[in-house]
Amino acid sequence: MKSPASPKSEHAAVNRVAHGRRLHPWPVRIMHWINAATMLVMITSGWGIYDDDVVIRGLHFGQAWRLGDWAAWSLNWHFAGMWFLTLNGIAYLTYGFLTGRFRERLLPIRLTDILHTIAETLRLQIAHEDLTVYNAVQKSLYILVIVAGASQVVTGLAIWKPVQFSGLVSLLGGFQAARLIHFAGMTVIVGFLIVHVALAVLVPQTLWAMLSGGPRLPRASVRRMGSEP
Amino acid sequence: MRSRVRPNDFSSAGAFELHRPLIKSLERRGLLRAGLSLGALTLLTGCDVKRPEAVEAALLAISRMNDGVQALLFDPNHLAPTYPEAMILRPPKFNAYYDVMDVKPVDGSTWRLELAGLIAEKRPWTLPDLQAMPQRSMVIRHVCVEGWDYIGGWTGVPLRSFLERVGADLSAKYVAFKTADDYPSSIDMATALHPQTLLALQYGGDTLADPFGYPVRLRMATKLGYKNPKWVTAIEVTNTYPGGYWEKLGFPWFGGI
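Line by line, the protein sequences give chains G and W. By the numbering used here, the letter at position 72 of the first sequence is numbered 72, and the numbering carries on one by one without gaps. By the numbering used here, the letter at position 12 of the second sequence is numbered 241, and the numbering carries on one by one without gaps.
None of these hints come from the bench; they were simulated from the model. Computed from a predicted model, the values in this text were never measured in an experiment. A portion of the hints provided could be inaccurate.
Chain G side only, calculated, beta carbon under 10 Å to chain W, not exhaustive [unchecked claim]: (1) I49; (2) D52; (3) F61; (4) W65; (5) G68; (6) W70; (7) A71; (8) N76; (9) A80; (10) M82; (11) F97; (12) I118; (13) E120; (14) R123; (15) I159; (16) V163.
Distance condition first, Cα-Cα at most 27 Å in a straight line; then the derived DSS-like pairs of lysine-lysine [what the hints assert, rightly or not]: (17) K351/W with K407/W; (18) K402/W with K161/G; (19) K477/W with K402/W; (20) K161/G with K333/W; (21) K402/W with K322/W; (22) K333/W with K407/W; (23) K351/W with K161/G; (24) K333/W with K477/W.
The C-beta atom is built at its ideal place from N, Cα and C for all residues, glycine as well.
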């Protein structure tokens with residue numbers, strides 16, 4: 001059915017806005033929520049495994065925090081979750097690099113911007129009017145948590161197969177060092193998670209955006225940002 | 230309409246008030262007993278409210294798939310790192326499903342190794358028979374599924390040469406073990422044939438001590454600690470999945486490292 005004639009310029013404007021990509025296209029949203037569920041499984045089942053031989057003396061995780069009623073089932077959860085984490089993670093990294101999303105959303109990061117954002121945050125001025133632009137601290141944290149997630153897969157592989165991948169274990173500084181790095185990676189991710197969830201609760205539009213896709217990005221801005229190095 | 234089973238006149242509210250503390254205490258006891266029964270049920274079935282059967286079945290299915298992946302990752306020609314003898318921990322770490330005080334020593338002079346399944350010569354072996362076989366030593370890392378590890382030095386008969394000697398079917402899938410401490414265990418044939426898989430008779434150059442499996446235990450450089458049964462009394466070569474003590478309780482069967 002033909003729509004009634006409209007001025008060409010207005011039609012172009014509508015086209016420009018309405019046909020732009022969403023802030024979070026559907027593949028990102030699906031991968032985000034798979035990752036969210038998987039991370040919770042990996043963290044809490046990891047705590048269940050951890051508790052039989054602690055990395056930090058005196059630090060235990062109570063039963064209420066553990067997935068799996070004892071070590072065998074925590075292990076089974078962990079070794080099931082690892083496939084979701086790894087495959088979903090590979091899909092996310094591939095998507096992020098191929099579509100230019102990482103470059104578009106996470107770069108560039110300038111040190112002055114980071115200092116500026118920290119100063120603003122300390123003065124309790126958290127800018128969140130525009131969801132489509134991440135500040136420098138956000139960008140750094142997202143990069144940090146992506147690297148930590150990838151690191152967990154690598155150190156996890158080393159702990160799972162220290163003989164088959166003995167070269168990797170030596171590279172990490174030995175079996176117990178690999179465990180320690182795996183534990184540190186968990187700490188980084190849990191730290192991120194706390195800040196991430198707290199901010200999503202403070203600024204609920206961000207949570208809604210990760211469910212519905214969020215505002216559409218103006219095409220011009222996509223092109224401009226996409227062309228940056 | 231009034232129910233037939235209900236008494237015609239209720240006790241007065243005053244009587245209830247009089248006995249309130251007693252009723253409360255009975256209620257509490259009932260609750261406590263219900264809680265205990267639920268706990269007992271959990272122990273009996275090995276099930277948990279937090280672990281519904283469907284979830285358990287899914288996790289076990291993935292664990293079996295992981296066994297297959299682990300078998301694929303296992304490289305029969307890849308040797309585990311070895312270490313200098315000076316690094317051997319003396320004595321080694323004790324671990325079992327019971328306390329070290331509950332170890333029941335085995336008499337080496339009457340001990341026999343029974344053979345069963347797809348093996349040509351099923352004559353039982355004595356300790357001197359095994360001691361007469363060519364021995365091999367290895368200083369390897371013991372990795373426990375819990376996360377701890379130590380360096381141990383083991384000497385004994387390579388399981389491969391033993392299986393060849395007794396005419397075992399080396400194309401069979403599993404090698405199963407029975408032990409004096411009722412700790413059944415089993416491994417894949419590829420691992421059984423790995424050069425760092427021993428029927429160990431010695432630790433650090435000395436005869437195995439009682440808590441560590443005297444007279445004979447299995448010691449593999451390519452599997453987690455719980456896959457290494459101590460006080461071995463029987464070996465069976467089979468194509469039927471034999472399982473094991475911890476495996477029956479949910480731990481992964483392959484347990485490779």
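Of the numbered hints stated previously, which ones are contradicted by the structure, given in increasing order? The structure conflicts with hints 3, 4, 11, 12, 13, 14, 20, 21 and 23, although it agrees with all the remaining ones.
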